[in-house]
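*Asks:* So the sequences go chain by chain: V and A.
Note that this note's numbering numbers the first sequence so that position 136 is 401, with each residue one more than the last.
Note that this note's numbering numbers the second sequence so that position 77 is 68, with each residue one more than the last.
Fair warning: there could be bad hints in the mix.
To give an idea of the interface, some chain A residues facing chain V are shown, with a C-beta separation under 8 Å as derived from the structure [stated by the list, open to error]: (1) 330; (2) 332; (3) 339.
Derived lysine to aspartate or glutamate pairs resembling EDC-like cross-links, with alpha carbons at most 20 Å apart [unchecked claim]: (4) V:365 x A:337; (5) A:146 x V:315; (6) A:146 x V:287; (7) A:146 x V:320.
Keep in mind the hints are simulated off the structure, nothing from the lab.
For every residue, glycine included, the Cβ atom is placed at its ideal position computed from N, Cα and C.
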Amino acid sequence: MAELTYREALNAAMCQEMDRDDSVFLMGEEVAEYDGAYKVSRGMLERYGDRRVVDSPISELGFTGLCVGAAMAGLRPICEFMTFNFSILALDQVINSAAKMLYMTNGQVPVPIVFRGPTGAALQLSAQHSQACETYYVHAPGVKLVTPATPADAKGLLAAAIRDDDPVAVMEGELLYNVRGEVPDGEYVIPLGVADRKRSGDDVSIVTHGKMVHVALQAATALAREEIEADVLDLRSIRPLDVDAILESVARTNRVVYLEEGWPFAGVGAQIVALIQDEAFDDLDAPVVRVTQADVPMPYAKNLEQLAKPGVNAVVDACKRVLYL
Amino acid sequence: MTDGAGPGENTMADGSEPAASTGPGGFTREELHALLADMLLYRRFEEKAEEAYAIGKIGGFCHLHIGQEGLAAGSIKPLRDDDLVITAYREHTQAIAKGISPGAVMAELYGRVGGCSGGRGGSMHLFDTTLGFWGGHGIVGGQIPLGAGLAWAVKYRGGDQICLCFMGDAAVNQGAFLEALNMSAIWHLPVIYVVENNGYGMGTAFSRVSATEMEARSGACGIPAHTVNGQDVVETHRFFEELAERVRAGAGPQFVNAVTYRFRGHSMSDPVSGTYRSKEEVDSHVEAQDPIKILRDRLMDAGLLTQEELEALDAEARALSDEAAEFADASPLPDPSTLYDHVYAEINPHGRLFLDGREHGSGGARDGGRGASGSPAGGAHG
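Generate coordinates for the entire structure from the input sequences, incorporating the hints supplied.
*Replies:* Here is the structure:
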């Protein structure tokens, strides 16, 4: 174990996979000479050369399509988005090409590609740079999605994503890159589809993913001061989804809050609520409550931004609501 | 076939083959007959598809290539087997040109398991990557960056294949076109972008939606532009032979404005002429710009084709198209149990991939016996 930042852990995963497989390469804006807009690929150009660490023009649709084409031909591109906000320009290639290619070719053409970069809000970046993009990706069958919350998960999930034979989106967080944590040395891979209980408790389940895991843990700490023990379940992987882990937690606590960074309408939480009511209705002692971003574009002003983001207090309140406190 | 020498004016420029009979473009009589046979097959195949569509054997969208056969044969036949072709959705004949059997193409149009995409793709998504045919893409311009990516993979691996990336004239107005051409140029990719310029994007004349001539569209990326008459299969074939070898030798990306004309509507629901082009315009092209008639007349004038030979070639083309339709008819519908196949290449051992709550055979199925109707374990009310 070594203590690494989240960004160093991502870098370690890419290097781990590029060392073992020449078909893996990294392409994106500023990934090479600039060392990455968030310095995730620091040193990789020097280590692997410009054949495998490639600065793209600012052409999200174009370089994403190029990476998808390269993956169709059997390479394993890591396609970095400076942020997933910009990937909205590339969604045609994600949804219409990458997600559907295997199906419409009757299995002839797998697309082993990774789309990665930060999703969600940082601090006062305003409306166009603060979106949680999970729903856009997870909506389409054919795409997988993971959302590491810790440095260890970042290393293990990114490695698994690179090895996976399908398109996998790895959604990170600008505010997570400096987070430090213990990361296993050597080869480390976390299978997709395995949630992780970040805190145990029997009173209420806070199910969440990505950066919001940290908000959930703070909320759990606050609740503990009032002798309420929250179970914090980090899904880690949205597709495949660890349904067993969700149902196990629901069966134990009978009360659930879903916390996510994105908007509520057709959000990830909407799917989780549908799943729980469908498969664990009798386990529930209260309706599931979602905590999400306010249903507005992200405002710039500090006070409004705080109001729009799902915060610790909102999670605490939601937990009390499902506990009828 | 070595008999039937043509008139003396059809000799190789370098005079190196005194024994061989050559015709237009320096091709042998046998080669010219083969090109004619290819185009006749494409024509008869599309007419068969048109017929099958009319009686409901083919559904959805169906875009015919009738009128553009010279370009399919002239650009794809010169390629090596391991070269790559990627294209848009008017691609039935291109698929056949790259080696997919007419039966496998027709069965795909019919939505049958014998189709080259197993009935999952349909008219717009024909694939056989073992033959270097990479689709069949339905979003205008979407295949252009993919083509750049195929070429990028060739270069990454140090291969010497080239990629031929087709698009319609309307596709050059998509951002994907500019983005892909620019990247191809900066990375010097082995790709030829071929615009099948039939003058209309659906019902909109190119001249109405482009500020410049087609040839100017690649210049901003420093990619050389060429124009070829796609109705002249001989000229087109010789042109692509030469260009393909230049690109293979490292000339970098190229842009070809291949001038052609569509004899049918945009798709089956679009009349041949009407609101956006006149009957006179279509008739004049059918009369004077039919790639099959052009080659036929040249061969007959040169004494390289008799009426009997033409009829025999056409009969063969009709027979192959009939056989393709029979094969398609006989091919079964896809097995319903395969609905969930090939959504994912890798079914992860953990977690659920399909969230529709339905039963399905492979991975992602409901696990742990906790289906909606199952009794929830540990479900005591708190």
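*Asks:* Under the criterion of a CB-CB separation shorter than 8 Å, is residue 332 of chain A in contact with chain V as hinted?
*Replies:* holds (7 Å)
*Asks:* Are residue 339 of chain A and chain V close enough, Cβ to Cβ, to be under 8 Å, as the hint says?
*Replies:* holds (5 Å)
*Asks:* Tell me if the straight-line CA distance from residue 146 of chain A to residue 320 of chain V falls inside 20 Å.
*Replies:* holds (16 Å)
*Asks:* So, residue 330 of chain A near chain V? Judge it on the closest CB pair being under 8 Å.
*Replies:* violated (10 Å)
*Asks:* With the threshold set at 20 Å, check whether the alpha-carbon distance from residue 146 of chain A to residue 287 of chain V stays at or below it.
*Replies:* It holds: about 14 Å lies between the C-alpha atoms, which stays within 20 Å.
*Asks:* Regarding the pair residue 365 of chain V and residue 337 of chain A, is the alpha-carbon distance no greater than 20 Å?
*Replies:* holds (14 Å)
*Asks:* Given the hint that residue 146 of chain A pairs with residue 315 of chain V, test it: the Cα-Cα distance must not exceed 20 Å.
*Replies:* Within the cut-off at roughly 13 Å; holds.
Consistency with the previously given hints fails for number 1 only.
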